[in-house]
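Participant: Residue numbers (the numbering used here), protein chains in the order written: chain E, 12 to 496; chain Z, 12 to 496.
Quick caveat, the hints were computed from the structure, so don't treat them as lab data. A portion of the hints provided could be inaccurate.
[Stated by the list, open to error] Below are the DSSO-like pairs computed for lysine-lysine, each with C-alpha atoms no more than 27 angstroms apart in a straight line:
| no. | chain 1 | residue 1 | chain 2 | residue 2 |
| --- | --- | --- | --- | --- |
| 1 | E | K38 | Z | K348 |
| 2 | E | K38 | E | K69 |
| 3 | Z | K38 | E | K348 |
2 protein chains.
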Amino acid sequence: MNLKEQLDCLFDPRSVAVIGASNDMMKWGFNILNILLTRGGRDIYAINKNGADVQGLKAYHSIGDVPGPVDVAVITVPFRDIPAAMEECVSKRVKAAVIISGGLAETGGEGARIEREVLKIARRGGIRFVGPNCMGHFNAFSNLFTVPYLPPVRKGPLSLISQSGNTSQSIVYLAYEMGLGFSKYVSSGNEADLHFEDYLEYLARDDKTKIILGYVEGLREGRRFFELAKEITRKKPIVIMKAGRTEAGARATQSHTASLAGSDLVSEAAFKQCGVIRVEEVSEMVDVTLALLGQPLPRGRRVGVLSTGGGGAVMAADALMRQGLELPALSPATMDKLDSIFSRRWSHGNPVDNGGDPFDYASLWAMMEDKNTDAVLISGAAGVSRNMAGWVSVPDLMSEAVDQWIEASEADELVDVTRLMELMKAYQKPAVFCNLAIPNKKRGDLYKKLEQSYDVPFLTPERAAKALAHLVEYSEYLGVARGEG
Amino acid sequence: MNLKEQLDCLFDPRSVAVIGASNDMMKWGFNILNILLTRGGRDIYAINKNGADVQGLKAYHSIGDVPGPVDVAVITVPFRDIPAAMEECVSKRVKAAVIISGGLAETGGEGARIEREVLKIARRGGIRFVGPNCMGHFNAFSNLFTVPYLPPVRKGPLSLISQSGNTSQSIVYLAYEMGLGFSKYVSSGNEADLHFEDYLEYLARDDKTKIILGYVEGLREGRRFFELAKEITRKKPIVIMKAGRTEAGARATQSHTASLAGSDLVSEAAFKQCGVIRVEEVSEMVDVTLALLGQPLPRGRRVGVLSTGGGGAVMAADALMRQGLELPALSPATMDKLDSIFSRRWSHGNPVDNGGDPFDYASLWAMMEDKNTDAVLISGAAGVSRNMAGWVSVPDLMSEAVDQWIEASEADELVDVTRLMELMKAYQKPAVFCNLAIPNKKRGDLYKKLEQSYDVPFLTPERAAKALAHLVEYSEYLGVARGEG
Chain E
12 MNLKEQLDCL FDPRSVAVIG ASNDMMKWGF NILNILLTRG GRDIYAINKN
62 GADVQGLKAY HSIGDVPGPV DVAVITVPFR DIPAAMEECV SKRVKAAVII
112 SGGLAETGGE GARIEREVLK IARRGGIRFV GPNCMGHFNA FSNLFTVPYL
162 PPVRKGPLSL ISQSGNTSQS IVYLAYEMGL GFSKYVSSGN EADLHFEDYL
212 EYLARDDKTK IILGYVEGLR EGRRFFELAK EITRKKPIVI MKAGRTEAGA
262 RATQSHTASL AGSDLVSEAA FKQCGVIRVE EVSEMVDVTL ALLGQPLPRG
312 RRVGVLSTGG GGAVMAADAL MRQGLELPAL SPATMDKLDS IFSRRWSHGN
362 PVDNGGDPFD YASLWAMMED KNTDAVLISG AAGVSRNMAG WVSVPDLMSE
412 AVDQWIEASE ADELVDVTRL MELMKAYQKP AVFCNLAIPN KKRGDLYKKL
462 EQSYDVPFLT PERAAKALAH LVEYSEYLGV ARGEG
Chain Z
12 MNLKEQLDCL FDPRSVAVIG ASNDMMKWGF NILNILLTRG GRDIYAINKN
62 GADVQGLKAY HSIGDVPGPV DVAVITVPFR DIPAAMEECV SKRVKAAVII
112 SGGLAETGGE GARIEREVLK IARRGGIRFV GPNCMGHFNA FSNLFTVPYL
162 PPVRKGPLSL ISQSGNTSQS IVYLAYEMGL GFSKYVSSGN EADLHFEDYL
212 EYLARDDKTK IILGYVEGLR EGRRFFELAK EITRKKPIVI MKAGRTEAGA
262 RATQSHTASL AGSDLVSEAA FKQCGVIRVE EVSEMVDVTL ALLGQPLPRG
312 RRVGVLSTGG GGAVMAADAL MRQGLELPAL SPATMDKLDS IFSRRWSHGN
362 PVDNGGDPFD YASLWAMMED KNTDAVLISG AAGVSRNMAG WVSVPDLMSE
412 AVDQWIEASE ADELVDVTRL MELMKAYQKP AVFCNLAIPN KKRGDLYKKL
462 EQSYDVPFLT PERAAKALAH LVEYSEYLGV ARGEG
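Pulled out of the complex, with its shape left as it was, chain E reads as follows (with noise of 0.2 angstroms):
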């Protein structure tokens, strides 16, 4: 079996069996088993040295005395007990395994020498393992499931590998927030088999993933990194939140997954060779995932802004400039169109401020249009002024009217949102929205078609500037900018 295959395998089992299942809440053992349970589909087998039932599931003394084959072994035994556990998959031919189980290399000590030995164990077997110290794995599509600690998980087109169990969660989570799904997920552990690497050229190959997460402490085969990142990203982008910036953080990764982190520097210039999408927060992680799979890549930093007050305006300007991207003169032609629009109050410049009216689609159209702009920031965005109308209190005798009334623009502004997914397209010009103050509650069906596609409203003009700044350096990266596109 190659790689490939015992990933395949990895990832879509026939039969699982949890070794160090347990009916104890508290422990991994127990919960582990539950999901795989839960979530059914394939045989699941509970192995405790007692031999007791565990979850009304006859429990078997060893993997051993499974009668039917395992494909893959989940290890949540204490550490002193995995290099036997180790052994018996390998007797037991378990192409294979998943090693929760922490307290190995990095503790060092005894802990490092028996990850030593338990890697020497499957190497012979020819197993392949994650972990160990690590929180499981996934594959929303199969509906494999060793991880039982996340928050729920969409069907979707991105794939997470993470050095950290915790700071996936919180990706994961903040990802469902959003309305994005996964295809698959692992959390890497201290990777004494399989690397960060593996996963990532798995990954590569893996029709159902279109963008590839990585929460990376150290990486152990770097030039392999490098020369893997610079050949996938020409096809899928690859996001990755690098910890260990910071002399503190660093010396923190050692005790954490046993790893180094290197210089940032280094990291920082190597990742922008080969075209890695560098973020710093979970939230930069997915407002960059958001507008990747929602926009297209634009064809230079020129930024048109387009906002329905004037603190919006100066905010989302600012926040492009810090971001290095630019604010360009409007054609002639287009400031006569916004004239022919607006009261006299507007601006006249980019930032445009329309002077406080009603968002009106007329004004996106003339941005889009205009040949001095390679994207669109959209602030105090559309829809808004016409939910606010669900703060409003009418009297009762004139709340069917504004019923109607709102009613009615969103069926207009579902038409809008059509004709913009087309612009954008046709003019290749990502077109963002920002604006915090959106009442989730106030979302009607506009929103609803923003989210289909990817298009949401980013909270502040420094989180949307920040995600348009990444699209336009991959773009860059790629070519795919003026002149060379």
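Starting from the structure of chain E, add chain Z where the hints point.
Facilitator: Frame of chain E; chain Z shown alone:
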């Protein structure tokens, strides 16, 4: 009447007239009259030059026709009609006015000339006014709202002066989401008469205002602001978001509220010298406000990090270092205590990674009691492992047991949170939590308790570190820090 008396009247008038009251839902004159009527509690008059009924109310042709006295007039008529409206207010002996209408100084030319004329008329009649080109004001405690376009507002300790209407919508909305409430709010607009500094002076003496928030594009009385702020920040914090940080942003402020942003470096230095906390984003403003309300001012910048996982520990260390805070070595006594609490897998240093075990309050007490720490940052916070049990699907036969276990855990933690609050006070040490992976719906009594004390978990380590850094700097400014307090 002095300034204080006039502003008292502005924020709690017995009677309000809306000049330009309308039946057209798209108009300010509709929405302002509407919110005044809905809130009730005072005499409301509709003024409309056509004299028709408005929203079931008899409309007067002119404010002069109103039978009783009028304390405050809200003016929403087109800009050329404002001078006449203000003349009528003078004749009627109105005490204060709010001019919503835009199209004045911010557009230059005729608008600027009219703005000067209106100011002259108001001065002659002794009327002070808010705006023009603004969104209105409110007083949550007296239930007065002239601003119709805001998310729900709770009563609370914050007051906000904003030179942008739409930015203030974002601030008020995010504050609402985080459980914060307001006393007074004013959208100051072009500040033709009443300046940012007038409101600042007034709010300084307002007992219901514990923290003053401001969104600033340009200050018209820089010297006065500086002197006032220097005095006020000794007693209550001032948190300012100053826009126009970049050239493009600064240029945009001119067409927005006719203000000059000035050199950002000068602003930055001045804010520092008068103890103003300057923030860059709406979310940062709300974060530092929560920290100020819920946390003691620390005596130094040495932060102990306590994490239930390695990724959280590393990211917190990075974030704190980047904010200029320190990660001290823990005292031998604390190391001993942690050795006795954790399994051998813990990180044996600061940042403390407990090795992925459930959170244990005993470790937090040890960190709080350590003489080497001035503050503690908790990543992957209390209650989370237990709350997460809500994510786990359990077999029917066990679900009751799980419910009981969660309930018992939460009860324990309520007691623990009370103790934490006592320790924070006793040692004068902030304890800030951060964890993204807390589903809102799973927040039980524990989180209600945390919210009541404003000790709400921050979304990311970056945001927690930034809020903490603001606390440290404010503390150092006030001389509370070690050796001075």
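Participant: All hints, please: hold or fail.
Facilitator: Now the hints, each set against the structure:
1. K38/E / K348/Z: Status holds; Cα separation ~24 angstroms.
2. K38/E / K69/E: Holds: K38/E and K69/E sit about 18 angstroms apart, inside 27 angstroms.
3. K38/Z / K348/E: holds, 24 angstroms
Consistency note: the structure conflicts with none of the earlier hints.
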